[in-house]
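Peer 1: All chains should be built: construct the whole structure from the sequences, respecting the hints.
Protein chains in written order, with my numbering: chain A, 1 to 75; chain B, 1 to 169.
Take these hints with a grain of salt, some might be off.
A partial selection of chain B residues facing chain A, derived with a Cβ cut-off under 10 Å [unchecked claim]:
#1 P5
#2 A9
#3 L36
#4 V45
#5 I53
#6 A67
#7 S69
#8 V70
#9 L73
#10 D108
#11 I114
#12 V118
In case anyone wonders, no lab produced these hints; they're calculated from the structure.
We treat Cβ as the ideally placed atom computed from N, Cα and C, and that holds for glycine.
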Amino acid sequence: MRFLFTLLFLVISLGVAACPFCRTSTAARIREALFGPDFFLNLFACLLPFAAFFMITILIYHGGKQKQSAANPLP
Amino acid sequence: MNKRPLVAAGTLMGIGMGGFVDGILFHQILQLHSMLSAKLSQDTVVNIKTSMIWDGLFHALTWVATAVSVRLLWQVAKRADVPWSGKVFRGSLLLGWGIFNLVEGIIDHYLLAIHHVVERLGLSVYDHAFLGSGVVLIVIGLSMVRTSQSNLVAVAHTGYRERSERKGS
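Peer 2: Following this line, the structure appears as structure tokens:
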């Protein structure tokens, strides 16, 4: 019986109840915090560095490609 | 010879791996900061859980960068006009890691100020060191990529010949 109660407490512990898409009050507060007025600002903040990284990679990949190939043709 | 595709693949892989160092070491193991730790104080379950979601997005984007870099490297391996140089690749990895530290540091730590290296200190010497490490890695990476120039033609010709032989056999 004691084991079952322990198991029950583990199942309904705060960690489990706080999963962001659960139907609990904690989960609802997480969703409020996540999709609040700053959502798009936070999304922009997360995406901006990666936009820069991909632009830098594209620049490296394409920059001066033709010039290099012409200068050093393959045998 | 055109080493840019190899440099691009290595740089993007370095960006991805640098991102994983930041995310795994600083966000998760040491827990010095999280993606939005300057905006969300890390003292409630709701804030910590919300931060975990934004950290997850950061890791997902880092994974995408790494996956794209593997694809680029795969393409490079099949091209005869691109040198297969370990030094260029290693230099590119360092270049990418440096670019990650520099760009992420400038945007997230200084311009947007959504987190700092050691969040409890705010903007501190550790943020300057993070940027500095980016510059150092970029300089080392670029020098490795550039000094390999003299070896590239020989390496490329060997690689071209080997690949041609493989196609022929």
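Peer 1: For every hint, state whether the structure bears it out.
Peer 2: Results of checking the hints against the structure:
no.	hint	in the structure
1	P5	holds, 6 Å
2	A9	holds, 8 Å
3	L36	holds, 6 Å
4	V45	holds, 5 Å
5	I53	holds, 6 Å
6	A67	violated, 12 Å
7	S69	holds, 8 Å
8	V70	violated, 13 Å
9	L73	violated, 12 Å
10	D108	holds, 6 Å
11	I114	holds, 5 Å
12	V118	violated, 19 Å
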